[in-house]
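Protein chains: 4
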Amino acid sequence: MSTSASQNIPPIALPFVSERAKKLLDVVERFVHEECIPADPVFFSQVGTGDARWHGHPSIIDELKKKARTLGMWNMFLPKNHYKNGPQFTNLEYALMAEYLGKSTIASEACNCSPPDTGNMEVFARYGSPAQKDQWLKPLMEGEIRSAFLMTEPNIASSDGSNIQLRIERRGDYYLLNGSKTWASGTGDERCKVYLVMGKTNPDHPDQYRRQSIILVPSDTPGMKIHRMLSVYGYDDAPHGHGQITFTNVKVPLDALILGEGRGFEIMQGRLGPGRIHHAMRAIGAAEYALEWLINRLNDERKKPFGKRLSEHGVLLEWVAKSRIEIDASRLIVLNAAIKIDQMDAKFALKEIAAAKIKVPQVALEVVDRAIQVHGALGVGQDTPLASMWAHLRTLRIADGPDEAHLQQLGRRENKQRKDEVKRRLAQQQAKTEFLFHSMGVDRKELGAAKFNAKL
Amino acid sequence: MSTSASQNIPPIALPFVSERAKKLLDVVERFVHEECIPADPVFFSQVGTGDARWHGHPSIIDELKKKARTLGMWNMFLPKNHYKNGPQFTNLEYALMAEYLGKSTIASEACNCSPPDTGNMEVFARYGSPAQKDQWLKPLMEGEIRSAFLMTEPNIASSDGSNIQLRIERRGDYYLLNGSKTWASGTGDERCKVYLVMGKTNPDHPDQYRRQSIILVPSDTPGMKIHRMLSVYGYDDAPHGHGQITFTNVKVPLDALILGEGRGFEIMQGRLGPGRIHHAMRAIGAAEYALEWLINRLNDERKKPFGKRLSEHGVLLEWVAKSRIEIDASRLIVLNAAIKIDQMDAKFALKEIAAAKIKVPQVALEVVDRAIQVHGALGVGQDTPLASMWAHLRTLRIADGPDEAHLQQLGRRENKQRKDEVKRRLAQQQAKTEFLFHSMGVDRKELGAAKFNAKL
Amino acid sequence: MSTSASQNIPPIALPFVSERAKKLLDVVERFVHEECIPADPVFFSQVGTGDARWHGHPSIIDELKKKARTLGMWNMFLPKNHYKNGPQFTNLEYALMAEYLGKSTIASEACNCSPPDTGNMEVFARYGSPAQKDQWLKPLMEGEIRSAFLMTEPNIASSDGSNIQLRIERRGDYYLLNGSKTWASGTGDERCKVYLVMGKTNPDHPDQYRRQSIILVPSDTPGMKIHRMLSVYGYDDAPHGHGQITFTNVKVPLDALILGEGRGFEIMQGRLGPGRIHHAMRAIGAAEYALEWLINRLNDERKKPFGKRLSEHGVLLEWVAKSRIEIDASRLIVLNAAIKIDQMDAKFALKEIAAAKIKVPQVALEVVDRAIQVHGALGVGQDTPLASMWAHLRTLRIADGPDEAHLQQLGRRENKQRKDEVKRRLAQQQAKTEFLFHSMGVDRKELGAAKFNAKL
Amino acid sequence: MSTSASQNIPPIALPFVSERAKKLLDVVERFVHEECIPADPVFFSQVGTGDARWHGHPSIIDELKKKARTLGMWNMFLPKNHYKNGPQFTNLEYALMAEYLGKSTIASEACNCSPPDTGNMEVFARYGSPAQKDQWLKPLMEGEIRSAFLMTEPNIASSDGSNIQLRIERRGDYYLLNGSKTWASGTGDERCKVYLVMGKTNPDHPDQYRRQSIILVPSDTPGMKIHRMLSVYGYDDAPHGHGQITFTNVKVPLDALILGEGRGFEIMQGRLGPGRIHHAMRAIGAAEYALEWLINRLNDERKKPFGKRLSEHGVLLEWVAKSRIEIDASRLIVLNAAIKIDQMDAKFALKEIAAAKIKVPQVALEVVDRAIQVHGALGVGQDTPLASMWAHLRTLRIADGPDEAHLQQLGRRENKQRKDEVKRRLAQQQAKTEFLFHSMGVDRKELGAAKFNAKL
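Residue numbers (the working numbering), protein chains in the order written: chain B, 1 to 456; chain G, 1 to 456; chain R, 1 to 456; chain C, 1 to 456.
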């Protein structure tokens, strides 16, 4: 018998989930299972073919948005400790919902919870001026417009934000922007009305993390040129898209700067924590969904290679078990990180967030790859969501810095934080051991010493 | 700056830990760090060499036991829901303590929390008759005697308990035991006074899991012969030891049976759940301790291969990070399982316990192996606890059934429990998709269909 | 300094390579590096967008074919032991060339060495009637037409060929075909003029591997309908394409059958061996090419995350080393298999071919994935060949049966072939040991036996 | 049916093996299978218990040596290109024999082919003075004495030989040695009569690889003290042993220096190449032997967990297959390296030797670990050779430098050797692509460009 989402919350997380959140979680689950997943193929067909893919957007998304809002599923991502007028859920509570949203391509957008809008709305909510909130946060929260966050640049090591080249120069009463951006996700969509652009205002500041600022640029500002869209393993992600854009003498008024000059890093850091939790939980949802496809395939009566149903093949059962274990472990890591963000703040949960950022996509990719493998050729094609899911999960190992950069930072931090204590303690323990041998009058028993000491 | 054990409890677990448990946890931490770890090498030297290793036991263990008891660290493993007269901690609370006990070879015994006594005491507490409790549980809880659990037999697949061969035949007013047991851990120790022996009383019972019983056999009962001790890699684990024993017409009174004929499996199942949590948490403690050795080595000023300190080598920092992530994920899995046992019972937490049983030893082995590798030859020898730690952790992938058996069961159970729901839901989703295409008047966009359909 | 392809042949393989083959190998290397790789992006641009992608084919391929033929690179795959009129290279010699062809999308076709034509030509050469050779083999060898091999069907376990459903019924002087095929690679191309179709002629034959036949169907035969093309992770592979096709009362003359009724499996087996070698060596070439991109990236002066060039990051150097080791090991496996095919026949090299089939794609996928990872977002997009390469290599773990089926067969065969010898030998060795103890008068030293035996 | 060792040589290696070598290979195979493996347990029992383990050596080894010599199996390791008076086999030919020797603990010594004597004899043969050869090489080649190679020191990073601290100071007509050595393998054996000691004669030489020398020290020289023996995962390896030794004003005559001052590194490099091939091939033999135990266990009629024989469990068959593939791949790597050493010299085969050094132990460890796992508790104990085999193979990942150091060197070398060529070629290819677009008048097709270019 099937259990509801709220009944499947790991016992260890239950004390952190309000009754109100449990109820909405079950609504989200049904909405995703009964409305969004079935609508995904319709969405893709509505996108169309050829150049038409970049014009307009599928009508089904608007219908789902209406339904979602009616059912109370709207902007759930806005954490209660940062925004008083949102739906008042904690990061932990939204994390549980985000898992379900991650099972469908369009569910997040249907609930106005899709990146990069979520992170951008958080930026507006935490750091925006009243005028900025009025102009951009309001329509974003209403789901009327969309937005983009432009950080990555071509030809630099994007894992290290201090490398950013785009120049934001103050010229009297405006800023002048010159440079180029790539992988600007969402810029293909005609509803995308505003870009949050990271650039350098203070290239000579002695602190390399105080040189950057974030500035708002309406998408129809002259001087910006979208050259093309980038693909993800053959998927163009229309109409959303990932654009490559150049800025040539783009003029923006002074009050378009968020928070002030040199505060770009600070904003970005605040933006990343919860966003990584969202990404991670959606990835877990994708992994769960892939596991469903895997189980479905194992029990397909028509598939009996070598006389046995797939579910009787031990190797495949081991895949189910390993997937189960690793998905569950990953979820606990993310939920624990979310709780730490709720209790303290993202900056006190860097280790936990990094662990989630690194581990979850690897687990999810492996589960999805297993599901693809049991489907054979069907798995790599367009008739299951698996191949597309894999391709998009794969980008999570790169986005916001590659795994390797995060592993280095995590390892370096752990080493730095613990080395003095560890060295001191091991030394003390060894000294105490020596003391014990001495005080107790016990001889160290050394291998072969009886013979070799006698000899000499 | 160093933080105490209670401050390091993952936030997600905190609601389940009483203040009293936090206080004792910090006492345990200090005891292990300051008393037990330094005493480990003394213990090994006191064991002696050659045949002397099997006579008596190191005096340092008795001193530590006294200290531990004085400080309130005694029998903490006995879960409050099963035993009213114990120290009243939950499985979750003890799990946190067991992690620290796992850092030292002798800490568990010092607190009277070492296997197989712990599981045996649980058996007595849950299933023993008043007389059995009086005779055996009392001295066990006082730490006056030790015990063994004899299940594994030579030449059968021990992962499947239904294979057990040792016969327990009723003959009038006694039982007659014939057969052989191996890997009887603890039987080398002269303090080991009682064996819990699993055997077949009802070999013809139609239910293959009702054929076994567990019976108590005092270690000096005539007819039992210990042939030799078995080693773990090159370690003999004296004086504890792992014995190979034959039973030849061993007579035991009728009231030596626990709970009744045919209830051996039931007892064993109840025994395994918490025991696996203990093993897993001790393994996590071992992994944390190995990580400390690893970090200590990375910061050894004398080690600068190729001009860089080890802590500047990226590959080794990645080891630190990966160890950190996987240890933390493993701990959450185990704690979540412990909570489920506390809230329901072990039999409702089979999936969670199995996950812990499978994942934790693999993670711990990998962390310890990394610590060995950075120590070079030093790591495989006797001057660090690492090689011995690895060898003993390795047995956890085999004990109580090999990983592969648990993976099969876990995979099979997951598949069985979920297949109907999953198949139904995917089918419903696909039907709903068809309905949407139809009702919305949208055509499925098929790749190349424009051309190829036109052609025909 | 750079060395030529013939100088890079592993010393162990050199005795098997003629001077003539070495010379052509160097020609192939230069052709691929200087003509084909640069032409790949032109090819993709010429394919066009939208429906145009399925009409015609890029002109650049015709130019490359002309050049290749002039330079003597034509049909090199045809093994000298099966076809007297080909270019007379061994499987080993062609394998070395195929590695280079695998670095470019279009190089194989440029040399008339691209699948599925290669396998189909081998079928015609080995099993075709003179008339069949005249009608189809001749234009195929001239590169005037292309062909497809239709085996996979929807909704059956394709790893087990005995499941095939398409019916080939004899009706007087023709065969009637009914059924459906999917993943029919090459059917998108207008130059594809003939299909080799696997179906069941003798569904009731007691030997399940004698029920299938292969029959030739011209691509314009009435009754066949291509419904759509299938994608590989978002890539449509136009104009080649992977078609889904139904057969409704398709009539084919009796002499369209190859070799005779019930011999489909035999033909397919003969076809697979060399084809798997080709696939494997092309995959190795792809891996080598990805490693070049990886090295190129490591030495990009513009990429200095955290102040160090990528080539100074130890983790990435380890990737280079591991890639080097595994690519080299894989190549030796494939070359050894090719030699065995040359010396005996594919059916005596099943173990070696299976090893290559399983190991090479996994190694290549890992190397390409590493190259993607160091390129960050650039790696998943269209500006390097890496993402497309990965997606297509991924299908090799599925095509001709999933890895898991091959691993089972390989494991089962190894177990079956060796178990009797192994059991016998180990038993004999143990008996000999007993004899030695006895004859030499040596006692078995058993751990702890001195004490425990004394006690009893 | 069983095939002989010479029939199992991979086809690709056959051209390099003389008929004479094939014949002896078959003799070696039978000797190992029929004499040595059965004698291994006798050897261990003869070693005895307690301190007796370090006195004398088992008589069975002397008997086997006699047999081996009679059968022509003596000093086969001495490569024909370095020693005219040896048995005249190539490194490749001996490698094939070494694989079989690796299946038994005592087979190598029985054929006078056991390390560290082999490497030491090579040193004497290549670099020794006539007097040194007469005094030491002669009795070593006769198997009358044994020897040790003292390089590793406590408390330094042994992966980087330039760190060596032991001082060798010239004082008039003798050298004075002060310092300490550890992991001096073989120093436990009373037959070990000479140590080759690496130390610093020229600590101030500007070239850090010209500071070291190797000097001969008879094992009874005053001033040396063996403090104890080191264990390997609990195994003491008596009577061979791994000693920790201090040197206090040890006097050695001037002519005890090999080759000359400052040439220690040169000698060590020449010594390592073939030695690594030997280690690797013995490890492959160990892996093959473990695979035999694995297969034996899978077919044990008494083992039927959950009603199926182990050989019917798919996961275990996959282990057989993966073991088969990786062992075979590893062997080809080593044989190819051996051929390169034979044709050129070890210093031209650094990449190939490093690959073997890194990959083979990892593969062997995994195969042995699988064999242990299927044996359950039996696998970690003393009743199979598996646990001991694993422990000793594990040291190969550390000995002569840890894997990580070799991976860094291999990665660095590959990167250095190839980066210029690779960068140049990719740049040329990209330039050629641009040229083709231009010359052919083809436009680059860019995703979405039609729309976005039109807009602006």
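Simulated from the structure, these hints should not be mistaken for lab results. Be aware that one or more of the hints could be misleading.
[As the list claims (entries may be wrong)] According to the in silico footprint, chain G covers these stretches of chain C (three or more CB under 8 Å from chain G):
(1) 44–55
(2) 58–64
[As the list claims (entries may be wrong)] Keeping only pairs whose Cα atoms sit at most 25 Å apart, straight-line, the calculated DMTMM-like set for lysine to aspartate or glutamate is:
(3) R/Lys193 - G/Glu434
(4) B/Lys67 - G/Asp26
(5) C/Lys419 - R/Asp204
(6) G/Lys251 - G/Glu301
(7) C/Lys347 - C/Asp236
(8) B/Lys225 - B/Asp207
(9) C/Lys432 - C/Glu421
(10) C/Lys416 - R/Glu312
(11) R/Lys416 - C/Glu312
(12) B/Lys445 - R/Glu446
[What the hints assert, rightly or not] A short, non-exhaustive set of chain B residues, derived as facing chain R with CB atoms under 7 Å:
(13) Ser2
(14) Ala5
(15) Gly48
(16) Gly50
(17) Asn85
(18) Gly86
(19) Met141
(20) Ser231
(21) Tyr233
(22) Gly234
(23) Gly381
(24) Ala387
(25) Ala391
(26) Ile398
(27) Glu404
Note that the Cβ used here is the ideal one computed from N, Cα and C, for glycine as well.
(request) Under 7 Å, Cβ to Cβ, is where B/Met141 needs to be relative to chain R, so tell me if that hint holds or is violated. (result) violated, 29 Å
(request) Three residues minimum, CB to CB under 8 Å: does the stretch 58–64 of chain C make the cut for coverage by chain G? Let me know. (result) violated (count 0)
(message) Just to be careful: measuring from the Cβ of B/Asn85 to every Cβ in chain R, is the smallest value less than 7 Å?
(response) violated, 35 Å
(message) Between the alpha carbons of C/Lys432 and C/Glu421, is the straight-line distance 25 Å or under?
(response) holds, 16 Å
(request) May I ask you to test the interface hint for B/Ala5 with respect to chain R, counting a Cβ-Cβ separation under 7 Å as satisfied? (result) violated, 30 Å
(request) Let me know if the C-beta of B/Gly50 comes in closer than 7 Å to any C-beta of chain R, holds or violated. (result) holds, 3 Å
(message) What's the verdict on C/Lys416 and R/Glu312, does the C-alpha distance respect the 25 Å limit or exceed it?
(response) holds, 11 Å
(request) Decide if the proposed pair is consistent with the structure: R/Lys193 and G/Glu434, CA atoms, cutoff 25 Å inclusive. (result) At roughly 35 Å apart (the allowed maximum being 25 Å), G/Glu434 and R/Lys193 break the hint.
(request) Tell me if B/Ser231 is really an interface residue toward chain R, meaning its C-beta lies closer than 7 Å to one of theirs. (result) Result: holds, 5 Å to nearest chain R Cβ.
(request) Using Cβ atoms only, decide whether B/Gly234 comes closer than 7 Å to chain R, and label the hint accordingly. (result) holds, 3 Å
(message) Can you verify the interface hint for B/Ser2: is its Cβ closer than 7 Å to any Cβ in chain R?
(response) Since the shortest Cβ distance to chain R is 27 Å, the answer is violated.
(request) Establish whether the coverage given for the stretch 44–55 of chain C by chain G is satisfied; the threshold is a Cβ-Cβ distance below 8 Å, and no fewer than three residues must meet it. (result) holds (count 3)
In this structure, the earlier hints numbered 2, 3, 4, 5, 6, 7, 8, 13, 14, 15, 17, 18, 19 are contradicted, and the remaining ones agree with it.
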